[in-house]
Amino acid sequence: EAQVTQNPRYLITVTGKKLTVTCSQNMNHEYMSWYRQDPGLGLRQIYYSMNVEVTDKGDVPEGYKVSRKEKRNFPLILESPSPNQTSLYFCASARRGDGTGELFFGEGSRLTVL
Amino acid sequence: AQSVTQLDSQVPVFEEAPVELRCNYSSSVSVYLFWYVQYPNQGLQLLLKYLSGSTLVKGINGFEAEFNKSQTSFHLRKPSVHISDTAEYFCAVSAYSGSARQLTFGSGTQLTVLP
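Each protein sequence line maps, in turn, to chains E and W.
Note that our numbering gives residue 73 to position 73 of the first sequence, counting from 1, and the numbers run on in steps of one.
Note that our numbering gives residue 1 to position 1 of the second sequence, counting from 1, and the numbers run on in steps of one.
Okay, chain W solo, but in the shape it has when bound (with noise of 0.2 angstroms):
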């Protein structure tokens, strides 16, 4: 079974400055993956996603993410953050579960832009 690890459970960051959060999984046979924002009493929304084609990937809302398939990872950047993008951030990965794709979430991280 497929599983996903987001490596930092909280991340604090100043505003204006880097970051990245990490997402690791365990198959990387025949993989989508993703990355969903969740805002404070809202659903999951869709950031970015990667199918095929360019291992860049750029979202919505100034993020980015690399797919590394030697790696594993998908890590997600942002050069610059805001106070608006303090949400909890969910990496999930598509993948082959017998002859039907899965779609495995990981645990989270709490992204906190500090003032």
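For reference, chain E alone in the conformation it holds in the complex (with noise of 0.2 angstroms):
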């Protein structure tokens, strides 16, 4: 089945104890990219990548590092989380980052920040 899985779903954790959230495509896709949600501000990009080894910053990348060294895999790296990252994360990928494809949604990770 064609899926984008990301762990932990949930997780709760304290002010300054580094976290990575996965995230893995099974479907061969170049493009991938994270998203944070929050009430009322819908999707905002964190990073994105356009294949192997290149990344690049969204709209909202202070806080946050990624890589991508394997197609399949594009990690979120929160190194001294704070509790304003407290929010639902989202990783996407798609076929190509042309912007003419449709994404693929993984099930969301809710982080709570202590």
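Just so you know, the hints here were simulated from the structure itself, not pulled from any lab data.
Please note that the accuracy of each hint is not assured.
Each computed DSSO-like pair below joins lysine-lysine, with the alpha-carbon atoms no more than 27 angstroms apart [stated by the list, open to error]:
(1) Lys65(E) to Lys18(E)
(2) Lys71(E) to Lys49(W)
(3) Lys49(W) to Lys69(W)
(4) Lys57(E) to Lys49(W)
(5) Lys57(E) to Lys18(E)
Source: prediction; values computed, not measured.
Fit the two chains together into the complex; they arrive one by one in their own frames, and the hints show the way.
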């Protein structure tokens, strides 16, 4: 089954404790992206990757890191989480990054930073 | 930078009634337009998209949307809604930012279908 898998789905952590949210897709997609969803703000892009070893900042990259060492994986790293990073996070992938195709989303990771 | 406005944050409607969810965007230059749906505790799924051609686009689950270039709008419609259509709906616009396309989402409209 074609899917985007995120882990963990739910996480409660404390300020400053490094964490990684993993994302994996099995569709051989070139493009992958991370979004955060906050009430009233919709989805805002954190980082995206057009292909392996190519990543770029989205609209709200501060406090986040990403890497794309393999085509299928695109982890999101919070080096020193803060309470304002409490949010619902989505990973998404697309066949290409040309803006024409469907984005396939994971089921989301709800993060709470105390 | 592109902006996407979904004019209604919440739309309650009775079952079997028609519904329109409104979406306006800021730039009409070479845009691609999308509607996504998010059911509770799930990720987003594509409902429909407009890239070119006919301005009336049909999607899944009986939804359709019309691209209006002069009014920079892409409103979503369904002639008769079901309880199962209760979800949050997001309009998204792909437009150039520099040399690459960027996808910008609206803030979402919560559609609640009442029995």
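**Request:** Just pull the numbers of the violated hints for me, sorted ascending.
**Result:** none
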